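Chemist: Once you've looked at the hints, dock chain B against the given chain A.
Line order of the protein sequences matches chains A and B.
Taking our numbering, the leading residue of the first sequence gets 1, the next gets one more, and so forth.
Taking our numbering, the leading residue of the second sequence gets 311, the next gets one more, and so forth.
Calculated directly from the structure, the hints in this document are not laboratory data.
Bear in mind that the values here come from a model prediction, so they are computed numbers and not experimental data.
Every residue gets a Cβ at the ideal spot worked out from N, C-alpha and C, and that includes glycine.
This list has only true hints and no planted wrong ones.
Partial pick of chain B residues on the chain A-facing surface, computed with a CB cut under 7 Å:
no., residue
1, Arg322
2, Ser325
3, Ile344
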Amino acid sequence: MAPDSMTQAAPVQLPAEWRDFFALTKPRVMSLVIFTGLCGLLAAPGHIHPVLGFTAILCIALGAGGSAVLNQWWEADIDSGMKRTAGRPLPTGRMNRTDARDFGIALSVASVLIMGLAIHWLAAAILAVAIVYYAVVYTIWLKPRTPQNIVIGGGSGAFPPMIGWVAVTGDITLMPILLFAIIFMWTPPHFWALALFVKTDYANVGIPMMPVVKGEKSTRLQMLAYCVLLVPIAAAPWFIGGTSWIYGAAALGLSLVFLALSIPVAFRTAAEGDKMLPEKRMFAFSVFYLFALFAALVVDRVLAYQGVIG
Amino acid sequence: MTPEEEAEFRRRQKSRNLVLGGILLFLALLFYAITIVRM
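Chain A on its own, in the form it takes in the complex (with noise of 0.2 Å):
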């Protein structure tokens, strides 16, 4: 080897900071995550030891945070395109990519692992099922190749809810199915809201988002078309008889005002550089929506095991 080119020091790689591991979860995400199956949980007949219940929380927090780091392991190259995700860990380079892949890994596996010996090998099951769904099915199949990728890949957050019930009672039945339902319907509204104002970035990455590839108008119909069939599907617990007037009326109430948000979104036109209030308060409305219909599912359930209602 020649003298000069041994003087080339390589640049020097610092070990990622913590902050960057945990950054790689997606800890807002994870907070919803952590809601919609700790409420599965609450909702569901039966008991369950804290320390149990504690740790099956956990283990939901763990896969989501697992398959989130997968998620940004696949997409360092596309995140580093678009404004919103370029400064997370991988697009920056403050962490190598065979460091984030192995983390995700260890994550998801150590999460099924704990679930399955400590909790319910089928609430195992359905969380090894959540985690592959996200991170092979969304992510590597579906959002690079269809614009319905939001549609069939937001199975993946439907799953919380139910790993949660499932961890209390031990088998699946109309309820947790119907949760799953709510979050899949609900998820498109959700997603392409966001999508809306930030077409821009996606555009730019190749990503087939559907306001990109089947245009605004489509997308706008199309939300409203969900809006529409959350409205029975949120209400259905209430329906079967799985829950009292007091999550019904929350249920009907919550939905008919995302319909309503919904609607001025359907029927508008976003000219150049509008600033998409409807869609950025239908975003933000969403949010609530869900957190709002699963607290009211848990209060609901609650009252009625202590008897305070029918």
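Modeler: For chain B alone, coordinates are given in the frame of chain A:
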């Protein structure tokens, strides 16, 4: 590696080790609690 880089390297390594140690301690306590509960 310059002294500044080495100091930063050590600082990051130390903070990561502390967090990892905390996680391992937490998991040890959790597994102990799970064992007791399931007995």
